[in-house]
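J.: Since chain A is already given, all that's left is putting chains B and C on it; use the hints.
Chains as they are written, first to last, in this note's numbering: chain A, 962 to 1230; chain B, 5 to 271; chain C, 17 to 351.
Incorrect hints may have been included.
[Said to hold, decoys possible] If you want the ones that stay clear, here's a sample from chain A, every Cβ over 12 Å from chain B, calculated:
1) 966
2) 981
3) 1013
4) 1093
5) 1143
6) 1153
7) 1162
8) 1198
[Stated by the list, open to error] Below, in silico cross-link-like pairs of lysine to aspartate or glutamate (DMTMM-like), each with a Cα-Cα straight-line distance of 25 Å or less:
9) B:54 - A:1017
10) A:1226 - C:21
11) A:964 - C:106
12) A:963 - C:110
13) A:964 - C:190
14) C:113 - A:967
15) A:1139 - B:53
16) A:963 - C:140
17) A:1139 - C:28
18) C:23 - C:110
19) B:54 - A:1141
20) C:290 - C:331
21) B:91 - C:331
22) B:91 - A:967
23) C:65 - C:151
24) A:1164 - B:55
25) C:261 - C:128
26) C:109 - A:967
27) C:109 - C:190
28) A:1226 - C:192
29) A:1226 - C:197
30) C:290 - C:326
Calculated from the structure, these hints are not laboratory results.
Positions of the beta carbon are idealized from the N, C-alpha and C atoms, including for glycine.
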Amino acid sequence: MKKIIEYVRLYFRLVGAGVRAQMQYRFAFVMRIVGMVAAYTGTAVTMWVMLYQFEELGEWNFYELLFLFALAVLSWGFCIILFFHFRSLDTYIVNGTFDRFLVRPINPFFHFMAMKFDIGAAGQFIFSIFVFIWVSNALDIHWQLGKILFLFGAVIGGVLVQGGLLVFISAIAFWTTKSERFYWVVMYPARNLTNYPLAIYPKMVQWVTAFVIPFGFVNYFPAAVLLNKETPYFPSYIGYFTPLVGIVFFIVAYYVWMLGLSRYKSAGS
Amino acid sequence: MDSVKMYIAFTKKAFMRSAAYRFDVWTRLVSNIIFLLMWMSIWYALYMDKDEASGISLTAMLTYVAVSQFLTAVNGAGTPLWELQEKVRTGDIALELMRPFDVPLRYLFADFGSVAFYMLTALVPLYVFLFFFVDLTLPTSWVTWMLFLVSGFLGFLIRYCIELIFGLFTFWLIETGGIEDIFYFSVSLLSGSVIPLWFFPEWLQTFAEYLPFQGIYFIPNAIFIEEITGNELVVSLGIQLFWVAVSYAILRFVWRKASNKVVVQGG
Amino acid sequence: MAIIEVKNLRKEFKIAKRETGFVGALKSVMNRQFVTKEAVKDISFSIEKGEMVGYIGPNGAGKSTTIKMLTGILVPSSGSIQVNGIVPYENRKENAKNIGVVFGQRTQLWWDLPTIESFELLKEIYRVSYSRYQENMETFTEILGLGEFLNTPVRQLSLGQRMRADIAASLLHDPDILFLDEPTIGLDVVAKEKMREFIQEINTLRNVTVILTTHDMEDIEKLCNRMILIDHGQKVYDGDIAAVKSRYGKMRTLIVDVEENGRDLQVSNGELCKQEGNRKWIRFNRDEYSASDVISQITKTHNITDLTVEEPEIESIISRIYQEGFSKEEVPVKM
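Only chain A is shown next, with the shape it has when bound in the complex (with noise of 0.2 Å):
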């Protein structure tokens, strides 16, 4: 126990000062704020300009991508600030800083991950709150404590459903040398996939993204829940499971990564 407590203050510690380091380009970090806010309102916007005439995307109307659309940023959000720096793990390698991680008296694990806290990723935040209240007034959702708590567990799933891939990606650079491309091949693409609702897909993509790479749980199934939508092929209360899968699906790729760590370590690089 004692042990946990040393790490929470450890990490607190580390990624104050990453936040410090990234306050000192002011701009940057206000250009980036402006820029996510910019491209998620665009992408909002071009599902505004789909449904004008069309009105619904596989029984969904509007608002209801929009809710959908906003619950992935949101996880995504804090997903951003905790593990994005997970996919450059290759550039750590081949400059010889990770090694740096390893001489050190503390899980590896926790020293890289506590080594960055993007905060610029908080314009994220901006949009999805701004959206869900937009959406809950025209909607008309009540939101009493069972919806948000349910929330808060969809948020936590979601942020370790992605979190996860993120390090399942970057276990990659322990075997071969070029990890990054991995994210933009599969994890960008896969991220735009769940913006629309799953029903929309093909009955494989659906088992793919419900069962092998669970980014159904990061926004569809609990929004279904939330909006009361129907989940074909799926029962209606998966979306419960959400924070469940999200902890098995971290805790599996976290075991991944150590594993690379250990052949890292005998294979060299």
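T.: Below, chains B and C without anything else, positioned relative to chain A:
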């Protein structure tokens, strides 16, 4: 025409380079396939039970999407913008400016090479496969195919110039982050790459028609599914030519300003 | 009990064979072919507490591989390592508490923050007590002159300043052993001197064992009393620097400036290896002749206006050791 030979050499070199890193190049295909699947699914779901909307049939719309993704993949196969921006940031761009060639043209010709490789070895096979197995409305006459290729090429040029113009803002603002995102979104929506202009609200459609972006995706796509024919087609190609000329002129202007800045200030 | 004990250390790597051409690439996806490379072949040595050892060898000799195994970053293929009684790759965290590492070219400090903040963070990571932290900071600031840039962000420091901060940072937690990888690379003459002084002081005052990997032979000469030379993954030499010099450094060079009188210089007890105008370089074996023997020979035919006797540098000795190959006689290590 020695200079033409020189630029063609860049094309060849880029082609060779893509061939050397072919596995890297081909991984991009995975991402293209996922986006293709995504947009086809979206439009299929949008149409739901309708056979047609605004006079466009479902198969025509799916064809539009497929072709649009083809052009998107082609346009994404060149040198990534951040490479150039890195060179500006590190000052390496000064080295390029000392050479006896025109830098924007050099990158354009290099892009021809990398695009050609990706297209011939990955995209075309994929689409041949796609056309076999999915019921899409392909153009009936070879003239349409030709016109499509010409139109797509013009769209490529427009995109290249505009993207480079935006990218050059790094010369003045070190961090362009926010501006770029606004740019990419605008291009993506207003170019009709994922939603054809016919489905836009009227005011937006009019607005988009005055912008160069529709020349990048909407016009070639519409030509392919034969929604733009006859006189309209000629006019559309004319519009594209117009934008190629204008964006190229602006590019030259911005480039001159930018390279002067490097020469005077040393990056 | 030696503080570092290495026995029959071996490390081999499996490197994938790369095929050329399209068919080759396809083949390699189906059936990966591997070539085994032995980076470290069978190395044994022991180091006592307080020693300053130079660990040298040409590039690719296996130096950094050995160091990585000693610091717990790499797991050996076979053989045993004990550092302060701990097996580094089995007990990485315990080992990490006892060692300090300086990678010459890569800093361990936080790039964008003021230097002092890196020290504070390391204090947290290594759980250094507040009082010990204060003491160390005072000492290091004094000896290394850190005060002038403690509040400057690391990215704005000069190379010399950064290296000073790095070495102080590596000692903050009072490790028993210090691994230095190219600590003086890129530094100007004055900075190098300061760095060497500091390393010497740390060794003398705190009895810190120092393992120094470097290509700078002056570092070795000025700091180390013992040198381990490895090449192609094997130990080629292990012993006193002085012994190396006396065993291999028998040759001397006499540089004379003579008055030209049109006669050829005849030296039978030495070898005229170079001449530039009035200046002549003569090599002789000091075991067989003394410098004065050679000089008296020269004065028979020429007047000498100026002279110097040069000792061989470690560098040339070492390249000769490489050329002579694996030496079977080792000069035993003095305790």
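J.: For each hint, tell me whether it holds in the structure or not.
T.: Hint check:
Listed as a non-interface residue, residue 966 (chain A) keeps its Cβ farther than 12 Å from every Cβ of chain B; the least gap is roughly 38 Å. No beta-carbon of chain B comes within 12 Å of the beta-carbon of residue 981 (chain A); the shortest separation is about 19 Å. Once the 12 Å rule is applied to beta carbons, residue 1013 (chain A) is inconsistent with being away from chain B; the minimum gap is 5 Å. In this structure residue 1093 (chain A) is separated from chain B by more than 12 Å, as the shortest Cβ-Cβ distance comes to about 21 Å.
The non-interface label for residue 1143 (chain A) is inconsistent with chain B: the shortest C-beta to C-beta separation is roughly 8 Å, within 12 Å. Listed as outside the interface, residue 1153 (chain A) is inconsistent with that label: its C-beta sits roughly 6 Å from the nearest C-beta of chain B, within the 12 Å cut-off. A cut-off of 12 Å between C-beta atoms contradicts the statement that residue 1162 (chain A) is not in contact with chain B; the least separation is 5 Å. With a minimum CB-CB distance of about 24 Å to chain B, residue 1198 (chain A) clears the 12 Å threshold, and the non-interface call stands.
Taking the CA atoms of residue 54 (chain B) and residue 1017 (chain A), the gap is near 12 Å; set against the 25 Å cutoff, the hint holds. Under the criterion of a C-alpha separation no larger than 25 Å, the hint pairing residue 1226 (chain A) with residue 21 (chain C) is consistent with the structure, at around 20 Å. Our distance criterion of 25 Å between C-alpha atoms is met by residue 964 (chain A) and residue 106 (chain C), whose separation comes to about 20 Å. With a C-alpha separation of about 18 Å, the suggested pairing of residue 963 (chain A) with residue 110 (chain C) holds against the 25 Å cut-off.
Simply put, residue 964 (chain A) and residue 190 (chain C) have alpha-carbon atoms about 22 Å apart, close enough for the 25 Å limit, and the pair holds. Between residue 113 (chain C) and residue 967 (chain A) the alpha-carbon distance is near 16 Å, which keeps this suggested pair within the 25 Å criterion. The straight-line distance between the Cα atoms of residue 1139 (chain A) and residue 53 (chain B) is roughly 45 Å, outside the 25 Å bound, and the hint therefore fails. Straight-line distance between C-alpha atoms of residue 963 (chain A) and residue 140 (chain C) comes to about 15 Å, which keeps the hinted pair within the 25 Å bound.
Restraint check for residue 1139 (chain A) and residue 28 (chain C): satisfied, since their Cα atoms lie roughly 23 Å apart, inside the 25 Å limit. Of the pairs offered as hints, the one joining residue 23 (chain C) and residue 110 (chain C) holds, with about 21 Å between alpha carbons and a cut-off of 25 Å not exceeded. With a C-alpha separation of about 42 Å, the suggested pair residue 54 (chain B) and residue 1141 (chain A) falls outside the 25 Å cut-off, and the hint is violated. Distance hint between residue 290 (chain C) and residue 331 (chain C) is fulfilled; the C-alpha atoms sit about 19 Å from each other, no more than 25 Å.
This hinted pair does not check out: residue 91 (chain B) and residue 331 (chain C) have alpha carbons roughly 40 Å apart, beyond 25 Å. Annotation: proposed proximity of residue 91 (chain B) to residue 967 (chain A) is violated, straight-line Cα distance about 43 Å (limit 25 Å). A distance of roughly 23 Å separates the Cα atoms of residue 65 (chain C) and residue 151 (chain C); the hinted pair therefore holds under the 25 Å criterion. A C-alpha spacing of about 23 Å is found between residue 1164 (chain A) and residue 55 (chain B), which places the hinted pair at or below 25 Å, so the restraint holds.
With a CA separation close to 46 Å, the supplied pair residue 261 (chain C) and residue 128 (chain C) exceeds the 25 Å bound. Between residue 109 (chain C) and residue 967 (chain A) the alpha-carbon distance is near 15 Å, which keeps this suggested pair within the 25 Å criterion. For the given pair, residue 109 (chain C) sits about 15 Å from residue 190 (chain C) by alpha-carbon distance, which is consistent with the 25 Å threshold. Of the pairs offered as hints, the one joining residue 1226 (chain A) and residue 192 (chain C) holds, with about 24 Å between alpha carbons and a cut-off of 25 Å not exceeded.
Simply put, residue 1226 (chain A) and residue 197 (chain C) have alpha-carbon atoms about 19 Å apart, close enough for the 25 Å limit, and the pair holds. Restraint check for residue 290 (chain C) and residue 326 (chain C): the C-alpha separation of about 14 Å stays at or below 25 Å, so the hint holds.
The structure fails hints 3, 5, 6, 7, 15, 19, 21, 22 and 25 (numbered hints given earlier, in ascending order).
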